[in-house]
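Once you have looked at the hints, place chain B on chain A.
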Amino acid sequence: MKFDTPATTNPIDRMKVVGQPIDRIDGRLKTTGQAPYAYEQNDAVRDPAYGYVIGAAIAKGRITGMDLRAARAAPGVLAIVTAENAGPLGKGDMNTARLLGGPEVDHYHQAIAVVVAETFEQARDAAQRVRVDYAPAGGAFDLAAARDTAKEVDQSASSVGDFEGAFAAAAVQLDATYTTPDQSHAMMEPHASIAAWQGDRLVVWTSNQMINWSAGDLAKTLKLPKEKVRLISPFIGGGFGGKLFLRSDAVMAALGSRAAKRPVKVALQRPLMMNNTTHRPATIQRIRIGAAPDGRIGAIAHESWSGDLPGGGPETAVDQTRLLYAGANRLTQLRLAVLDLPEGNAMRAPGEAPGLMALEIAMDEMAEKLGMDPVQFRIVNDTQVDPNDPDRPFSQRQLVKCLQLGAERFGWDQRNPRPGQSRQGRWLTGMGMASAFRNNLVMKSAARLRLDSRGEVTVETDMTDIGTGSYTIIAQTAAEMMGVPIDKVTVRLGDSSFPVSAGSGGQWGANSSTAGVYAACMKLREAVARKLGFNSADAVFAEGQVRSGNRGATLAEAAGPDGIVVEDILEYGDLSKRFQQSTFGAHFVEVAVDAATGEARVRRMLAVCAAGRILNPKTARSQVIGAMTMGVGAALMEELALDKRRGFFVNHDLAGYEVPVHADIPHQEVIFLDEADPISSPMKAKGVGELGLCGVGAAIANAIHNATGVRVRDYPITLDKYLDRLPEAV
Amino acid sequence: MKPFTYERAASPAEAAAAAARMPGAKFIAGGTNLLDLMKLQIEAPAHLIDVNGLALDRIEPTPEGGLRVGALVRNTDLAADERIRRDYGVLSRALLAGASGQLRNKATTAGNLLQRTRCPYFYDTDQPCNKRQPGSGCAAIGGFSRQLAVIGHSEACIATHPSDMAVAMRALDAAVETVKPDGTARSIPIAEFHRLPGDTPQIETVLEQGELITAVVLPPPSGGRHFYRKVRDRASYAFALVSVAAVVQRDGTGRVALGGVAHKPWRVEAAEAELPRGASPAMQAILADARPTRENAFKVTLAERALSAVLAEARG
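Here the protein sequences come in this chain order: A and B.
The opening position of the first sequence corresponds to residue 1 in the UniProt record's numbering, with each subsequent residue numbered one higher.
The opening position of the second sequence corresponds to residue 1 in the UniProt record's numbering, with each subsequent residue numbered one higher.
Next up, chain B with everything else stripped away, as it sits in the complex:
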């Protein structure tokens, strides 16, 4: 771990300004991912700006009838919130499917969105990785790829996004609220928040240098039945092979987002018109452009079967 300097931010705008001012600065909240990566020197920030003291830990109603979830709301608290459990069940279930109780107690809403990939080659600093060291190559392509992306990947990177929470938020059409170093705020639709790897897999979101997430806004409840089906090799404490976040209405229409298949939560809105006709046509449309490896081709089948199970449960 490289030596770094540290400060506690006084306000979101000051935090953003400080991050823009200090080269190599990073925000730290729960630290559940960043500290691990710093120990391995995969992340080597010169300066840490602790945002834990900012009053961003509340869940409040919005005038539109939705909820504004503060960036620092812990995963445990978000999952347990009565309004979330009642109106956004997919989100609560996704959160509880992730990590462990101890990690969820620390992990924050914003930090969860910004988790870095769990690709094992990213974690091994003796291996080339374009995400960790741009231009060094990708050891994962052609290597052990069972858990890696089947769609949206590039010649430079085959990593997946590890979050469960973000998949549910993608299905819910959440929006990410930020403050920039100049003090201006903006709202980024979650669909646009995460990027595909392309030639620059080290750039994972559209956030600008210093830009700080302040909240995630959930639109008014959509009704319907909420599902989060996470498929994994062991019963708990494992990243998804494939996960399905779905909100299904009585008439069979709905929304579906997938985890474990791409560099970001994967949703194809146009494909959702197929949902009333069943999982097979819907998943064919959602994963139409899939280019799996020999080792992870099963994910395409698995996604369809998991969606099929979700739709069956929704009907039943």
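For reference, chain A alone in the conformation it holds in the complex:
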């Protein structure tokens, strides 16, 4: 099915199942421990051996010798795979550095060997007996130091009007630089895989967000035809972008299994994860805004510097600034430096998350300079068209409503606009807000449906559920479309033998994958109608029945003993060229800062989201409160601490890399505006899982400023950065 004209009325609009706050259909499996995660596929393979990954102990250089003798002689050892004995390997399209390094080392903790043994403990013990000699080489590790070497990223520049002239002439100006740190996905489940060879075919049970990308890259890495590789990933314990791509766990398991001639399990050891896998790269962002005294922005510029390995990419931190606010004169630019750090790549809301952390402080600073309320300043600068191309409207844009409703619900009028004035006992209190913005991406997505003789529907697609609720919303979609109760729908996900879906990333998964199921359901409805001799245009599917005029049949009867199987894909036309599709929101936060110690604690949070049709308010809310929690981490604590001499992230475990704990997360409220976007897809839905993160960090930063009067432009906002600037204790 091609989606190239706006959606009209369709069966989803009934909203009998879709749009309802249905409990996760996989919830019972998860809470009773029956949902097997990658490392727990104990029924899938017999007698697996265990792999333990050795990471490079230097950031850059060369391995001059590996002494494997003691490890080979250790109890239980079956095989040790290194670059020397792994055979020729290719490289996937999505990873920058090789997933098995050696003799050249590209980054710290790059995998250089896997030790396979009968038990995990034996593999670990043997791995610790491997002796590696290195010839370290110098490298570039510090973005600030490498800033001047950064090159302009092709096609990242965007210019409208005369920014420099308009900025110079603006009555009120801001020119400020912000920094965001390297961040780690730090998901609960580590990257893990079990690999088993069946002749020349390879099956890998893994934890991966994008089955099709990763099956292809695993085949490329192992120099196999893609059809020889099967990836199975039904349950995923968090990804946040860290599992978008093939990573070393799957490669090491496959190579270890080939060498040991046994199925092999590999889970990346937690202390390896921060440097071995990808991370969100640090940024330096310069923002300039010029406005008239009435608050109208006449000039806005956003430039961002980030670094990555040779051949890597930038953090696209300026994208939202092209679209979020009006202004006739605009400039955005990305620059990329070569850094010899671990590989940078996507983490939840790549681009917008760090970009808004900077932009939305800048907006707060501008509002202050203008003497305007920060909510009002944003409302004044709303635009209903793409500022770069005024003929191109937003498909839906309810930013102003989000801001107004949020301000009203949060009690924004209780905020003292003068910073550092509100005190409750030992606490300085303040409120802050920020706009939320994240583009709505759509990706083609396919699904296969089977209607069986009991009238039950089975959906198969390689879509993944990374904790987001994909199982449930896909079941809701099929139930709505086919007119059956949700318990008559079975959803099977995360298998490369299923039709290729959009996968989970970029908050495109929910809308795109259900749209693919929608397309397959339309095809199934036609097949059912045809089989019954009904006119599919007026056939009504409800309560397990199909009716057309005064004729009717059950779905079971329609399916017959052989059932009906269909497959379809939803592909997109040029609607996203003709319309700008984005999601919007507003975050409001109240913080308290200890007047003595500077400890900042969030007291309450509100998010208002305008993100198209909400397919399931319960799972969507879970997504948003999880994202808000991640925003608290980004604002207050998350930072991969870089050793600039040795070129690695030092705090590479969950004790050192702090993310919020329960005590950090107070009352959270989420409001979804009633919205349906017919430009987006037949589902009229959009993404929301990343929107919930976008802007949170800045809202907290702005609240801390409101509480203390101190402006910190360097994330995370830890107390050491403002302790000596706190107001004098009374």
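These aren't lab readings, by the way, just hints derived from the structure by calculation.
All of these numbers come straight from a predicted model, not from anything done at the bench.
Virtual Cβ for every residue (Gly too), placed ideally from N, Cα, C.
All the pointers check out, no bait thrown in.
Derived pair list, reagent style BS3-like, types lysine-lysine, alpha-carbon separation capped at 30 Å: (1) Lys39/B / Lys30/A; (2) Lys30/A / Lys106/B; (3) Lys644/A / Lys39/B.
To be clear about the criterion: a stretch of chain B counts as covered by chain A if any three or more of its residues have a C-beta under 8 Å from a C-beta of chain A, and this derived list gives those stretches: (4) 33 to 46; (5) 113 to 123; (6) 136 to 143; (7) 224 to 234; (8) 299 to 312.
For chain B alone, coordinates are given in the frame of chain A:
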């Protein structure tokens, strides 16, 4: 993890004797720190002596009017003990500020004192660390030092002691009771129990090979108001940037020990004479010899501000 042998000790003296007899032996109680370190092969004992069965899990009054806390009293139980809560509030609060409920259920009084540093370079076996591998150097000095020591450190080591409980015990003038392999007992004032790193940061306490902690003795209650102020980046489950254990009397005199600043709980008794004059002169005296790094210089300011808040609360 290296293979190791294991035994359950029958008595404290036998445990100590066994530990002296077996090269590379270690005691294990709660295991909350030791097992993690064994998995990383930072600790690689050849033999474990399980002391959990020893009857060292009681809190009993002493003839002097204090309390003897058995080495195996779990952190949770110690924090919840009515006498501790009433008479040694600083200790109860310090315990509850540490770790998580699950860890406190396992962690013991003696084990808490013997926790090893959380310096990230100590934990990374691909980095040099004089504490982990004597003579290999210290990667932390000149590296990521935000959470490391500001005082009492050496050219060999900049690590801090991670315990909250020990800071409170330092303020309370507790004493550590032990039994040696020859069966003799001794009592070590907590002030002398932990060492500064010097040239031998791998030696963290004055315990001799095989010497087993049997109890921690708290002196009779000192009265006063008890505070434990732990400052950290997140609200729970994090090690202190700085912590202040304080017992403050009505007349403004008192005791102060600091956590998160040194290789051991940091207390300077002579500086406490300054307490009635306020946090600033007191902290200047307590941290007079501080040599912070650029990244952790804030701890000096933070310690003073935290003490100031404690003294204000004590007055109020």
